[in-house]
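**Q** Sequence order for the protein chains is C and F.
The numbering of the first sequence is the numbering used here, which starts it at 1 and goes up by one.
The numbering of the second sequence is the numbering used here, which starts it at 1 and goes up by one.
I should point out that these hints are in silico values taken from the structure, not numbers from a laboratory.
Among the hints, a few may not be true.
If several chains are the same, the list does not tell them apart, and a pair holds so long as it fits within one copy or across any two.
Simulated crosslink set (SDA-like; lysine to any residue; CA at most 25 Å straight-line) [said to hold, decoys possible]:
#1 Lys-28 to Leu-70
#2 Lys-591 to Gln-668
#3 Lys-240 to Ser-275
#4 Lys-256 to Leu-70
#5 Lys-240 to Glu-142
#6 Lys-256 to Arg-77
#7 Lys-591 to Arg-112
Number of protein chains: 2
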Amino acid sequence: MATVDVESDLAPLRAAVKEIGDKVRQLKLDKADENDIKRAVNELKARKKALEDRELELAPKAPSFDRLKLEDLLKRRFFYDQSFAIYGGVAGLYDYGPMGCALKSNMIQIWRKHFILEESMLEVECSALTPESVLKASGHVERFVDWMVKDEKTGECFRADHLIKNSIEEILNKDKKLSKETKDEFEDILVKLDGFSSQEMGDTIKKYGFKSPITKNNLTEPVAFNLMFPSQIGPTGDFKAFLRPETAQGIFINFKRLLEFNQGRLPFAAAQIGSGFRNEISPRQGLIRVREFTMCEIEHFLDPTDKDHPRFKEVADLELNLFSACDQMDGKGARLTKIGEAVKNRIVDNETLGYYMARTYLFLIAVGVDPNRLRFRQHMSNEMAHYAQDCWDAECLTSYGWIECVGNADRSCYDLQAHAKVTNERLSAEKKLPKPIQVVVTKAQLNKQVLGKKFRGDAKVITQHIDGLDEKELQEVAGKLKANGKYEVEVEIKGEKKTFSITADELAIHEVEETKHVQEIVPSVVEPSFGIGRVMYTVLEHAFRVREGDEQRNYLELPPIVAPIKCSLLPISANEKLNPLIEEVRRELSKYELSHKVDDSAGSIGRRYARTDEIGIPFGITVDFESEKTPHTVTLRHAPTMQQVRLEIAKLGPVVSDLVHNRREWVQVTKEFPLFSATEN
Amino acid sequence: MATVDVESDLAPLRAAVKEIGDKVRQLKLDKADENDIKRAVNELKARKKALEDRELELAPKAPSFDRLKLEDLLKRRFFYDQSFAIYGGVAGLYDYGPMGCALKSNMIQIWRKHFILEESMLEVECSALTPESVLKASGHVERFVDWMVKDEKTGECFRADHLIKNSIEEILNKDKKLSKETKDEFEDILVKLDGFSSQEMGDTIKKYGFKSPITKNNLTEPVAFNLMFPSQIGPTGDFKAFLRPETAQGIFINFKRLLEFNQGRLPFAAAQIGSGFRNEISPRQGLIRVREFTMCEIEHFLDPTDKDHPRFKEVADLELNLFSACDQMDGKGARLTKIGEAVKNRIVDNETLGYYMARTYLFLIAVGVDPNRLRFRQHMSNEMAHYAQDCWDAECLTSYGWIECVGNADRSCYDLQAHAKVTNERLSAEKKLPKPIQVVVTKAQLNKQVLGKKFRGDAKVITQHIDGLDEKELQEVAGKLKANGKYEVEVEIKGEKKTFSITADELAIHEVEETKHVQEIVPSVVEPSFGIGRVMYTVLEHAFRVREGDEQRNYLELPPIVAPIKCSLLPISANEKLNPLIEEVRRELSKYELSHKVDDSAGSIGRRYARTDEIGIPFGITVDFESEKTPHTVTLRHAPTMQQVRLEIAKLGPVVSDLVHNRREWVQVTKEFPLFSATEN
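Generate the whole structure from the sequences, applying the supplied hints.
**A** In C-alpha cells, the structure reads:
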C-alpha cells in the first residue's frame, strides 16, 4: 500500500484521537471534575490504541519473519530457555545458555564502555536483598502493586483487570442476544478499565457476577498484590525484606558516599549493572516480561536549576524519532527531530535528558537495534510513574508490538527527599554561591548542662531531636516557648513515645545573621534505565534473516561486536595434514582475543556454514588444500554476503579484529584481498 | 625466632596430633564403636587447632599490618561498605563503591579469560530464584542448616554451638571454685562440641541450665534453621522458593541442554558467574562471611572411569603448597609438591582435579594473592560436604587466619543422580564402546489396547510408570507375575495414590539379546568454586603496604592488571597552559583503553600521589612545564618504587599498556627512558 493510501486510511483514526485529545486539554484547562477527565483520558487511550493497531497492520513487514522459527532456533541452539524445565519449568524465569550468555555479556561490556568508562561514571554494586523500610520510603511497598481476585474455593489468582476484560469479551463474543444497553455498558467498561480503582473493579465483578473462568466459583474482592518477592533476613523471622525491584534505590542510598567520592561536586553520574526481580502475577511474552532480569541503570545527579550538559553539543545534530505527548494527543505519528532542536523547543525538557536519549540511541544502534524500528515516546502525564517528572521511553518495534526497552526519566529529587525524610540523613549537596551572602538563620541554643541533670539518660535523645529540627520547626517552637513558657517535646525512646517539658531557660531560640558561601541543594536525578533482556530480544528479532532463495535457511545478522562467537574455523576435511594449519589459525585468533569455534564434524562445508550462520557467527575461516599451492593461506568468509577472500594466516588477526571493532568494512577487505569462489554445498 | 627453634617449639604439638591421628586410623581400621571414633576425631580437631594457632603465633609477620588501617582506607575511599547504612545497616550485606566495583569486575574479567575463554567452557546464567523441589533434590532443604536456640520470651536467636561454647567459657573464666569434675566435663564438651548432634546440644543446655546471655531467660530446644533465604513465586503463596545458595545447581539442571550443545560428547566444562545467598545467623568478619556474594563456579563433567586431562602435562611441573589429609593427621605442615608428582602418588586423586588446582593457583597469583600465604588443604573425611568425594580448598592466610577462598571438589555423580531420580529425566551421556557388544536386556511388552479398555483415563499414567521401570525392577515384576499371576502397580493420579492390578496377559516381560554400540554413563563432576569477595579481600590484605620511613603513608601494591584505575594524571599546577597537554594524554590513554583519573585539586604533587597510591593506582603521569623545553613529554611514575621516567606522550599508550598486561617490566622501562628525579613534597 502506498504511503498516501496508508495516510488516508489512518486519517479518520487520527482525527478521532485529536478530537478526544483536545477535549482532555480543555477539561484540564477548565479544571473539570476529576471523573470526567479520567473518562476522557481512558477514551483517549483507547483511540490511541486503535490508531496504533491499524498503523502496525498497514506498516511494511519483514515479509518472512516467523516468530516460531526464531524461538525454535533460540531454544535449539541454547541462547536461552525456560528455567527448571526438568522440574516442570517456572513461568517468567529463563536460563541463558552459552550463546545467550556471550551475547548478553558482550552487550553489557559495550554498555559499560559506552556509558561508564566514556563518561567516567561511578559504578556501584549494591545488595539485591533490601530491608522493607527502604522500600517503604521509596514508595514501592505501597504503590508497586497489581490488583488480583481469588477463586473463593481454590484460591487461584487472577489479575482483576485481565479477568474483567476476558469475561466481558467472552460474553460479547458468545451472547448474541445481549441488550444494546448492556453491550454499551460493557464497551464503556473496556474503554475505562485501565483507569479503574480497585473499588470500581470489585463493583464491576459483583454487578455482572463474573466468576472464575476455570471453576466458575465466586471471586473475592480485589486485593492488592505487591510485585516484589518477599523474604526475611536472619533467623527471627521479623526482619522483613524484599528482592529489589530496581537497582536504582541502591544508588540513592549511597548518595552521600558517592558525593564524597566525587569530592562533594555536582553533577556526577553513578551506574549499576545487576539483577532486578518482579513477582509478575502471570508472566507471558518470553523475555519481554520476566520475573528476574538484568538492569543497567544510571542516576545522573545534577543541580535542579542547571540541567545543561557540557557534551550536549556533541550530539545536538543527531536525529531521533521522537513521539511527543503533544503529538500523541494530536493523533500524529513520531517524527525525526534533531535532539538539539527538540531541547531548544522544549519538547525535551533539558540538555541532560536529551543527551542521554541521544547516547541511548547510539548504544541501541551499536548493538543491533534497527533504527527504523526505534522511537522515543514521551509519557503522557497520566502514565508517569509516581517518582517521575518527565519520561521518554526508547521503544522498539517487535512482533509483540512496540515494547519499552529503555526508560529515560527525570525523577526530580523525589527519591533523595524520600530517603532523607525517613532516615534524617542530609542527602543534599552544597553549591558554591557566586559571592557570599548575608542571611538570617534561626538557631537553637540548648543549655546542655541543665538538660543533662534534668533528663539524665534521656537527655541525649532529646538533644538530638532538637538539633534535627529545621528552621521552620524551630520558629514554631519559639512561638510555643513564648506563649506557654515551655515546649512539650515528644521523642521515641526504646520504641516508646515519651513527652518531656522544656522551659525557656533550657532552650533559647535566636535569629542570627550569618555569611553563607554555599547553598544547600537536593539534586535532581536523570535516570536512563535499560532492560538488557528486552534489548537483547529486540536485537535477535531485528537480526533474524532468511537466506534469499532458500526459505529453510535462517541466519542471524548480528553486529560482529555483539556476536557470541566472532569466527568459525572449518577444516575442509578430516585429513591430518590440515592440523598444523588449524593450530596456526587458532594461535593467530587467540592473539587478538577473537572467540572462535572449530567445527570439524562431518558434513559439507555448506551445511556447516549454515549451522554457524544460524547462531550469528559473522566470519568463517576455511582451512583447505589450496594452501599447498599458496602456503599459510586460508579463506575468510563474510556470513551476510557469503563472499570469501583468500589471505595469509598472519593477516587474519588484524583484519578480523578490525572488522569486529568497526574499524574496517567488509567491502574494503574484498578490495584488498582476492575474492575466492567456492560453492557452499 | 630461627626455624630450628620454631620447630622445637612445635614438636610436642605435632607429636600430640600424630598420636591421636594414629589412634583415629587404628579405630577406623578396627571398625570401632562410632562414638569412640567421633570422640577421637574431635580430639584430633582440637589438637590440630592448637598446633595451627601456635604455628601462626610463631610465623614471621608483616610487621606493620594493621587491619583497622586497611578497613579505614577501604571505607573512606569507598571500595566497599555496609549496605543500607543510613537505615541502620544490615550485617553481612555490603555495597561495592567505584573502587571495589572496578577491582571486582577486573578480577571477574581475568577469571573469565583464564577459565572460560582459555578452555572453551560453556558459560550459562541461570535464575537465582529456585523452586523448593530443586533444592530438596539437591539435599539443601534438609542438610543446609544450622542449629539454633531461642530465648523463650523474646524469641532472640543464638547458634546453639556458639551459645554452649560461650556459656562454658564464661563459667570457666569466672567460677574459680568449680569442682575438678565439672571442669573436666566442660573441657570435654568444648573438645567434642563440633561433632554434637542437636540432641546432644539440647541435653547439654538443659543439664547445665544455660540461659540467654542477654535476658537470662530460658532457651528452647535446638531447632534447625535453614540457611537459605525463603521466598515464593507468583501470587498464591503456595509456590515455595529459595534464593540459590550456590550457582552449581543451575548448571546441573541444564546438563541435558549443555551436553546437546556439546554434540553429546564428554568431557566438557560449564561455568557460571553470579550471586549466591546464605542467610547466616550472625555474620561477622567483613567480606569473609556475608549473606549475598558473587561466585564463579565450574562444573567439569567427565567419564568416571577416565579422569585424565589432556592439558595436565602443561602444569605438571608446577609446585603447589599441598597440605594433605594424611599430613594433617600426622601433625606435619603443608609442603611444596609438584602437582604431577602429587597425582602420580595419588595424593591428589586424578589429573582433572590436579589440573584445576594448578589453574586455580595461577589465577590467584595473577590477581595478587601472595604465593607464600596460599596453601591447598585436603578435606579430611569427616569434614567433607554431603556431595563431595574428594576436596582440596585453596586457603589464603589473612589476619583472620587461613580462610577458604576456592573449593576444588570432586562431587562424583551425586547431583546428576539426585536430580534424575526426582525428575525421571535421564541425566547421563553415551560413551561409544570400542567395539559393539551383545547384551541381554529385560524389556516390558504392554498390551496397550487391552490396558486402554480396562483402565481408560488412568491407562496413560500406568503405562508411563511401567515404561519408567529399570531392568532390576522389571525382573521383580516378572517374578510377581509368575508367582501370583498378577502385578499390583501403585501410581499417583492427581495427587492421590491408587493401586491397579495387571495380569500376565496384559504385561509380558522378556529377556532379549541386543547389540550395544554405546554405554550409558552418569558423568562425574569436578567443581572448582570461587568466592570472589574472599579472594578480593585477601588480595587487599596482601597488597597493603606502609611506605618505608613514613608510617602514616599507606598504599596498595595491586597487580596493575586488577588495579581499579591504571593511571593517575596530575597537572603540576592549575595553569591553563597545561590543558592541551592534559587533553593529549587523555586521548592517548583512551586509545589504549587505559582507565585514568585526573586529580587537578590543589595540594602538592606528593600529597596527590599519596592519595592515588592509597587506592592502588600503579602508574602516575605528571604534566609539567618541562614540556616547554622538551615538547610533548611528561613524566611517568611507578607507584611501588616511586621512580619516574620522562617520555613522549605518544609512547605512553604502548608503554603503560605493556606494563599493565605484564608484557614489560618497570625495570626495562627505566633502561629505555631517562630517569627523572623530582621530590614528592
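**Q** Against which earlier hints does the structure fall short, listed by number upward?
**A** 1
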